[in-house]
Structure formats: structure tokens, C-alpha cells
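A.B. asks: Top line first, the protein sequences correspond to chains A and B. Going from the first sequence to this note's numbering is simple: count from 1 and add 7. Going from the second sequence to this note's numbering is simple: count from 1 and add 7.
It cannot be assumed that every hint is accurate.
When the alpha-carbon atoms are kept at most 16 angstroms apart in a straight line, the in silico EDC-like pairs for lysine to aspartate or glutamate are as follows [as the list claims (entries may be wrong)]:
id : chain 1 : residue 1 : chain 2 : residue 2
1  : A       : Lys28     : B       : Asp104
2  : A       : Lys125    : A       : Asp169
3  : B       : Lys129    : B       : Asp165
4  : B       : Lys28     : B       : Glu157
5  : B       : Lys29     : B       : Asp165
6  : B       : Lys64     : B       : Glu31
7  : B       : Lys116    : B       : Glu157
8  : B       : Lys28     : A       : Asp169
9  : B       : Lys139    : B       : Glu157
10 : B       : Lys29     : A       : Asp169
11 : B       : Lys125    : B       : Glu157
12 : A       : Lys29     : B       : Asp172
Derived from the structure by calculation, the hints contain no laboratory data.
There are 2 protein chains.
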Amino acid sequence: MADKIKSDIHLALIHYPVYNKKGETVTSSVTTLDVHDISRVARTFAVSSFYVVTPLKTQRQLVERLIEHWLAGYGAEYNPTRKEALLATRVTNNLKDTVSDLIRRCGQKPMTVATGAKRFPKSIEFRCLREKIRRGKPILLLFGTGWGLEKSILNEADYVLDPIDGIGQYNHLPVRAAIAIILDRLLARVKK
Amino acid sequence: MADKIKSDIHLALIHYPVYNKKGETVTSSVTTLDVHDISRVARTFAVSSFYVVTPLKTQRQLVERLIEHWLAGYGAEYNPTRKEALLATRVTNNLKDTVSDLIRRCGQKPMTVATGAKRFPKSIEFRCLREKIRRGKPILLLFGTGWGLEKSILNEADYVLDPIDGIGQYNHLPVRAAIAIILDRLLARVKK
């Protein structure tokens with residue numbers, strides 16, 4: 008029953024354009040573990056869709072094969088909880104195509120919210136984004152792999168979410184962990 | 008400066024006794040990605056120590072070599088944020104040895120708090136555990152790999168923490184994601 012409470016939240020895990028360790032703009036490789044972990048976290052918080060975004064055709068095909076294996080192949084029988092997690096996982100070429108796909112599916116343009124380890128003038132607080140979620144507008148959260156989203160993505164996004172403040176100055180969370188914490192802060196709290 | 012706010016929280020990632028998919032008690036394999044991810048999350052929330060607990064000598068040696076590589080080997084130069092994350096990571100044989108090590112280091116027995124996807128009669132709320140943390144008693148949080156901690160660990164622990172309620176009934180978070188969410192709920196909130 009509680010499964011029916013589905014928020015209009017979507018995730019995009021972006022592999023280009025992101026920074027590498029040296030601050031250069033690169034295309035990062037898709038990590039299959041990211042796909043599984045983030046799909047499970049997304050399913051836990053009833054996220055409507057999780058897009059794996061990469062311009063590399065071979066990597067998109069890899070993720071499509073992975074999804075196919077767990078949804079319809081031997082994997083579906085072997086591990087049903089993994090199948091269930093991957094039901095909302097999709098693959099796209101770039102951010103523009105992701106937004107187009109969402110417009111087609113939801114009938115309206117989602118608000119884009121970039122995430123990262125730094126605070127910007129247009130950063131918004133978690134509390135503020137939770138309020139927007141409550142109002143029901145579709146929201147696409149953007150997460151960067153590698154050393155984070157390129158500035159162009161942050162500039163073009165409607166909002167940038169406040170970074171996760173831990174205790175102290177260390178801010179090198181794996182993207183998998185950041186997504187788990189952000190969804191918990193935005194969505195689990197709404198329920199309580 | 009903020010780095011000085013260090014809570015007396017410790018983590019144990021337990022590889023035996025845990026359940027497998029069939030509900031049998033097994034020793035799960037150490038995943039090196041768990042070690043890196045959880046070390047980064049632990050560092051973010053200024054956790055005092057993170058124990059990788061396994062009875063398998065070869066696996067303990069693997070983790071010790073991994074830590075050595077990133078702390079003192081080429082890795083320390085290649086990726087300093089990984090080095091910093093691993094400073095609090097330790098390896099032990101079993102839960103008893105972990106508690107003994109903590110008594111030796113902290114001068115008192117920690118309160119043990121098991122975690123899992125189910126609620127038990129002795130489960131405590133996050134709010135309640137946050138309050139205990141504020142009072143400053145050392146706390147050892149126990150996390151199970153595989154399909155979760157064996158019942159004996161839950162029975163012997165001083166407390167069991169409430170499960171992470173997402174939205175709906177799906178409760179198959181990766182342990183990496185569960186640790187990120189639990190530390191955020193217990194520790195980041197204290198600061199705010």
C-alpha cells in the first residue's frame with residue numbers, strides 16, 4: 008500500500024561532462040556497481056526513474072544488457088530484489104535527451120537540480136527542495152561521477168543543492184553514498 | 008577546526024556470522040570497494056574507527072595490504088583523499104576481538120548497536136540513539152554483509168537500531184548505502 012506513495016523524482020548519473028582528478032573535462036566509465044547500488048537506493052525511496060547518462064554507445068549497451076539480464080534473463084529468477092530495483096533504470100546519451108524523455112513521459116519539463124561538494128550563490132537548502140517536492144513538480148536530480156559535474160551543468164541547472172555537510176572539512180563522499188544520503192534527506196523525511 | 012568535533016562512534020563491518028540468500032550462516036567475502044566507500048563515509052562523519060571483521064586470515068591480509076598501499080605506498084601520493092579516509096580503518100578477527108581492541112583504546116566497553124532491515128522488540132529509534140551519542144558513551148555500530156547479521160549477533164547486542172524506512176516495502180539497501188544513511192541520521196543531525 009505504502010508503495011503507492013510515489014514522488015515525481017528522477018535521478019541522472021552523469022558520465023560526461025565531469026572532471027577528473029586533474030580538473031580536466033572527461034567521460035568517466037560506467038561502473039556496474041553504481042547501477043546496482045543506485046537502483047536499489049532509488050527503489051527504496053520510490054524514485055520514478057534513474058537514468059544512466061553516457062555518450063559512449065558501448066557503455067550504454069553494457070548497461071542495457073545488464074538491465075536485460077536482471078529483468079528478463081536468468082538473473083530475474085536468481086535475484087528478484089535486484090530485478091525489482093532495476094525496473095526504473097534507463098539509459099540515455101546526454102542530459103538534453105534525458106530531459107526530453109522526461110517531458111515525453113511526464114508531460115512537463117522537470118526542474119533540474121545539480122549536486123556537488125561545493126556551495127554556490129544559487130545553492131538551495133535541503134529544506135527548500137523538500138518543500139518544492141511536496142508541491143509535486145517533477146524534479147531531475149543530477150549527480151556527477153569522477154570528480155564531479157562540469158561547471159556548465161551547474162550553470163545550466165535550475166538549482167544547485169547544498170553540499171552534504173559532514174563533520175569537519177572532508178568532502179569526498181562516493182557518489183553512491185551521496186545519493187543515498189540525499190534521497191534519505193529529501194524523501195524519507197517527508198514521510199515522517 | 009570543525010574536524011576536532013569527533014564523536015566516540017565506531018563501526019564494524021561483519022563478514023561472519025551473516026546470512027546468505029538461502030538463510031544459511033556463512034562467511035561472506037570482503038569487498039574492497041566496501042572498504043573504500045565505508046572509510047570515506049566514516050571519515051566524512053568523523054567516526055573514530057572502522058573495523059573490517061572477518062575470520063579469514065587471507066582476507067584480513069588483503070585488507071591490511073590495501074590499507075598499507077594507500078597509507079604508505081604509491082597510493083598515498085596518487086590519491087591523498089583515499090589515504091585520509093583509510094586512517095581510521097582497522098582489521099579484526101571477530102566481534103569479541105573488536106570490542107577488546109576498543110576497550111584497550113577507549114578505556115571502557117562500548118555499547119553495541121546492531122543494524123538490519125527488520126524491527127525487533129528491543130529496537131531503538133534513531134532519535135533515541137542520537138541522544139545516547141550526545142551523552143558521549145562509546146558506541147560500536149554493527150553492520151552485516153551478505154543478507155544481514157546472524158540472529159546471535161542481534162541477540163547479544165545491547166540494542167538493535169530501527170531499520171531505515173524508505174517509501175514502501177522494499178528493504179534491500181546495499182550495506183554501503185545503509186551505513187551512509189545511518190551515519191548521516193545519527194551524526195550530521197547532531198551538528199545542525
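A.B. asks: Return the numbers of the hints above that this structure violates; sort them in rising order.
C.D. replies: 1, 5, 6, 7, 8, 9, 10 and 12
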